Amino acid sequence: MLIAENLVKVFPGVRALDGASLRIAPGSVHALLGENGAGKSTLIKVLTGVHKPDSGTLSIDGRPVTLDSPHAAVRAGVGVVHQERNLVPEFSVGENIVLRQLPAKGGLLDRAAVRAEARRCLDLLELDLDPDRKVRGLPVSQLQLIEVAKALSMDSGVLLLDEPTTASTPSEVERLFDVIRRLRDSGTAILFVSHKLEEVYALCDTVTVLRDGVSVLESVPLAELDRTDLISAMVGRAHEAVSLPDRPAAEPEPVLQLDGVSTAMGHKDISLSLHRGEVLGLYGLVGAGRSELAKALLGFSKITAGDLRVRAESVRIPTVREALQRHRIGYVPEDRKEEGLFLDQPVARNIAVTVWNRIQRKIGGVPAKRERALAADHVQRLGIRLSSTGQLAGQLSGGNQQKVSLAKWLAADTEILIIDEPTVGIDVRTKAAFHELIWQLAADGHAVLLITSDLVEMVTLADRIIVMRAFGVCGEVVNTHSYEPMSREVMGLIHADA
Amino acid sequence: MKTETPEVEAAPAPVRRSVSRVTTILADQRTGLVLLIVALVIVFGSLRPTFFDEQFVVFPLLRDIATLTVVGLAQLAVLSIGHLNIAVGRMAAFGAMFTGMSYDLWHFPLYAGLVVGVVAGAAIGALTGLIITASGVNSFVVTLAMDFALLGLVSLVYSELTEAAAFTTKPPGMQELRQYSLADLCVGPVCGSSAIPQLAIFAVLAMILVGYLFSRARTGREMLMVGSNPVAAELSGIAVNRRIVGAHALSGALAALAGFMLAVTGGSFTAGIGGELMLPSFLGPVLGGTLLTGGFVSVLGTLLGTSLTQVVRQGLTMLGASVQSLSIWLGAILLAALSVDRVRQVFTERRAMSR
Amino acid sequence: MKTLKTTEVTLLALSLAGFIALAIASKGSLLSGSAIETLFAYVAVPVLIGLAQLVALSVGQMNLSVGALGGFVAVAGAIVMADNGVPAWLAVVGALVLGAAVGAVNGFLVVLTRINGFIVTLATMTILTGLQYQLVGTSTISNYSPGLREVGQAGILHIPVVFIIALVVAGALAVFMRRAIWGRQLLASGGNPLAARLSGISNDRSIVLAHCLSGLLIGVAAVVTLMSAPGVNQSIGGDWLLASFAAPIIGGVALAGGAVSVSGTVLAAFIVRLVDVARAQFSLNPSWVNFVVGAVVLGTVVLTHRRHGAA
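Chains as they are written, first to last, in the numbering used here: chain A, 3 to 500; chain B, 2 to 356; chain C, -15 to 295.
Keep in mind that a hint or two might mislead.
Stated by the list, open to error - To give an idea of the chain B side of the interface with chain C (calculated C-beta under 10 Å), a few residues: (1) 47; (2) 156; (3) 294; (4) 344.
What the hints assert, rightly or not - A few chain C positions that, by computed beta-carbon distances, are all more than 10 Å from chain B: (5) 0; (6) 17; (7) 85; (8) 141; (9) 143; (10) 261.
What the hints assert, rightly or not - Which chain B residues stay away from chain C? Per the calculated CB distances, all over 10 Å, these: (11) 56; (12) 57; (13) 343.
These are computed hints drawn from the structure, not numbers from a lab.
Since we're looking at a predicted model, the values are computed, not measured.
From the three backbone atoms N, C-alpha and C, an ideal C-beta is built for every residue, glycine too.
Next up, chain A with everything else stripped away, as it sits in the complex (with noise of 0.2 Å):
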């Protein structure tokens, strides 16, 4: 029996978990279920060492437990399938499989024990797979079942699994299914994170609902709820749409319209039209395909079929830059450490960036006040707090660092503005300022585009929800500012089963 009770832990600007507990019994499958955002990554991490918990107990089987790092907890007895791939491209399949504890015959690596232990591991999972083959070149689905054999080879008491089935195709997802029902009956304690409310109903005994890092429903048995109890309870009544000020009506031609738009990456036949002075909302779960469709517009991934169109001309758009200073597009993206700021640059420099070639003087230079200047302006208009523009990006707290990342498009003067999950890991207060900040944007005339997978967030903002599933558009959704009825239609259209 796992438990883990009253788990706290606070990233700087968030509360990722507040108060989370639950127990995993042992011969038992128990989901872990909540929105993006609601803490089950941070929990999961805490749970497998990654993470140390601010406060709040653990224990396995009675005993009190810390676990301050990965290897901790595999002596702990707790396994795990991370989400991201953590196998060595280079390595046989088996050895990656006991990668933990590397077989050894006199400092040399034993094969024969290697080979053994991963085609029992395959074997368990009815997977054919050659145990020296090379992971490098497999498809995704099959390094998923790797990483399950991984876990399968450590004989722990405890199995977290962490959306085993994302790139999984039918069979391989009934296989696997197969494999952790077995060892239920053998005892293990299993916990199974998903998003997929079938696979939760086809394979679970007990679940956990988190919201806002709070577990709502713990350890309830699965049978006394249905599916509109579970959806209830990871979006929660309580929460209010913030109803904002009434918005002049968006303009009647479309600023961008996609048109049975086929993508190298994978979307197949998405349209969707963008006006000026709305907010169009994109909405799905993770792997469904919107920010690669965001950056396929950009120029990141070829259009491989359908029309694109910006204000109803058929075009192509083969860089970002093109997109900016021809299209004036922006795209605030959703990682903004990685991909939407310069964190050891100053402020200034961030906002201005995409402005530099606009504002240059005849041999090059940039006027250092002009800069300045407009750097300022948008620090106001966008409620930044800093003590100069002169300070690093790095500095500022999520979402002062969130709104650099937005102003340097206000700054561009862009008019179609991509946002992509403005809001991940930014505290409530800033969360709301946000949101009228985005309201304001289409006041003003912008259209936006609306990447979000917080529901709340969504049917504030938005007018209409297009929602995504499998790179493809399952359903429009005209949005009412309504929480209850809005939450129930999307998620309807999401968890329709195909």
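Since chain A is already given, all that's left is putting chains B and C on it; use the hints.
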């Protein structure tokens, strides 16, 4: 390796600003370098008063500092985007070779030949940059291979085109450029110091140009952004590949200028020019605070870093150290400087965390 | 696995074809006993330093101190034998230990200071060059252990002993990288540091081990130099740096770490040697060798990318 920057809430503005200005000046690497150089000059000068001899010590010392500063700037140009240029010395040889050829074969005047060399250097740098962007292979490998190829090519050309493996034709003005000091430049009755070689003017011009580029000009600032975060740069609409090629072309051009200065100092154009430049090319920028990971450069720091190493070299030589054993000291200084820097970085991070 | 294998087969075919072409061009004189002997004798050091670099590259590090360390160890070994009368076997052991120890210092400096390995080894390279000169000055030492040098000149069926040493070391390294637990952990760190860490492998230890092993291999190269060179002086090792990178890069080491090809490195060193022989055969300027090798590496870099891009 990039360390995660801790997030700090901004302190109330006025207090922080006044405090930070004082601490920045004190903590600035460059202030430390100036103090260290002054201290060393005093120590060496008092131990060996001939250290201040204008004609035999100061003049050649400043000439070397000038040349190696240009070499350092050539390395700095690619460090700005987080790249390395291992072939910096050979690019100097390549540029100098063209300059020498233009004097020897085509009888160009002094500065026309310099232009030919710098253009050739820029071209070979641009080619290097193109190979890097086209292949996606890291700059170390590509410039290393380029070093090989140029090492061979330059020697081949010299042995093909010359009798004694050197272009010896000196255009009018070259001899003077080598020996003249600012004392030979007069504005009315006021003349410059006889300790400062005219060759140093090239270094000053290069510093002004490179300094302007990286602090003011859009192109240079975009290079720094590429060095700081290439993905964000791409997503902000910067033409990343063009900036990479540009940085390498600049590096090649500056290397060629340094090659010219070396040839002027040495009196002839040979394949051996630039053979010893790899270490100095890193010493100047790195001691001066330029980051290897890209995103921050210090032109003044490069001058100071180069000056420090040359003062140490000169001083130790005068105290009787053998030429080669000096490198032990230089290597040790490099390690010590970087370790101190690392300690300081860890210290500031801790302090930031504990707030 | 496939790309690695094709690289090696290509290299093998290339070296055979080159060898045959040269044999024909030399009207068979390349096949005489003494010609074969010189051909192979001069491959030993390039193979060893290529392998030393390969080990560093396998964890995503680089070792710029290859030549300086080799020269320093060779000179130190010669001096203790010539001036202090240390027996040859002890000097050899000492050389290997010294190489490994300096390599370990490189590794610890990288791990402890977190400074880029490039700069650390650039600094130690500079220091070692200075030390080498301190030891030997401008003189050349050739009056050390005649026994050791006799072995260095010897050959079995016209295959020089030094070449056999290099092959044995290469074989041992291949086994280490492919079979030994430490070797596998090294490669795991190079291939996916995060996966390695989550599996309880210390990446820091891997870095130190790689640098230490790199130093040890340089120690062997220094010993081989002592055995086969007519004498050692301050110039020993001066031209090793570029060569040490050429062999593994042409031989197909992934520069980001994680994949190595010992046989590819050996074959590449052999091909570079063939270029040198061809140069001598047609009495061309020695600079052709550098030019060709540089051009080949640049070509390899661009072509490899093309193939990846097409796949």
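Non-interface label on residue 17 (chain C), tested against every C-beta of chain B at 10 Å = Non-interface label stands for residue 17 (chain C): nearest chain B Cβ at 31 Å, farther than 10 Å.
ask   = Was the hint right that residue 156 (chain B) lines chain C, CB cutoff 10 Å?
value = With a minimum Cβ separation of about 4 Å from chain C (threshold 10 Å), the hint on residue 156 (chain B) holds.
request  = Take a quick look at residue 261 (chain C) and tell me if its Cβ sits farther than 10 Å from every Cβ on chain B, holds or violated.
outcome  = At about 16 Å from chain B, residue 261 (chain C) clears the 10 Å cut-off, so the statement holds.
Given hint residue 344 (chain B) near chain C, where the shortest CB pair must fall under 10 Å = Holds - the Cβ of residue 344 (chain B) comes within 10 Å of chain C, reaching about 9 Å at its closest.
message = Restraint: residue 47 (chain B) near chain C, CB-CB cut 10 Å. Satisfied or not?
response = For residue 47 (chain B), the interface hint is violated, since the closest Cβ of chain C sits about 26 Å away, which is over 10 Å.
ask   = Minimum Cβ separation between residue 343 (chain B) and chain C greater than 10 Å?
value = 5 Å, violated
ask   = residue 141 (chain C) clear of chain B by more than 10 Å, beta carbon to beta carbon?
value = The claim holds: residue 141 (chain C) sits with its nearest Cβ about 34 Å from chain B, beyond 10 Å.
inquiry  = Is the claim that residue 143 (chain C) lies outside the interface with chain B correct, judged by CB distances over 10 Å?
reply    = About 29 Å separates residue 143 (chain C) from the closest Cβ of chain B, which puts it past 10 Å; holds.
inquiry  = If we take the beta carbon of residue 0 (chain C), is the closest beta carbon in chain B still more than 10 Å away?
reply    = About 24 Å separates residue 0 (chain C) from the closest Cβ of chain B, which puts it past 10 Å; holds.
task = Just double-check residue 56 (chain B) for me: nearest Cβ-Cβ distance to chain C has to come out over 10 Å.
result = Non-interface label on residue 56 (chain B) holds, nearest chain C Cβ at 29 Å vs cutoff 10 Å.
request  = Run the C-beta distances from residue 85 (chain C) to all of chain B and say if the shortest one exceeds 10 Å.
outcome  = Residue 85 (chain C) clear of chain B: closest Cβ-Cβ about 17 Å, beyond 10 Å.
query = Are all C-beta atoms of chain C more than 10 Å from that of residue 57 (chain B)?
reply = 24 Å, holds
Checked against the numbered hints listed earlier, the structure breaks hints 1, 13; every other hint is satisfied.
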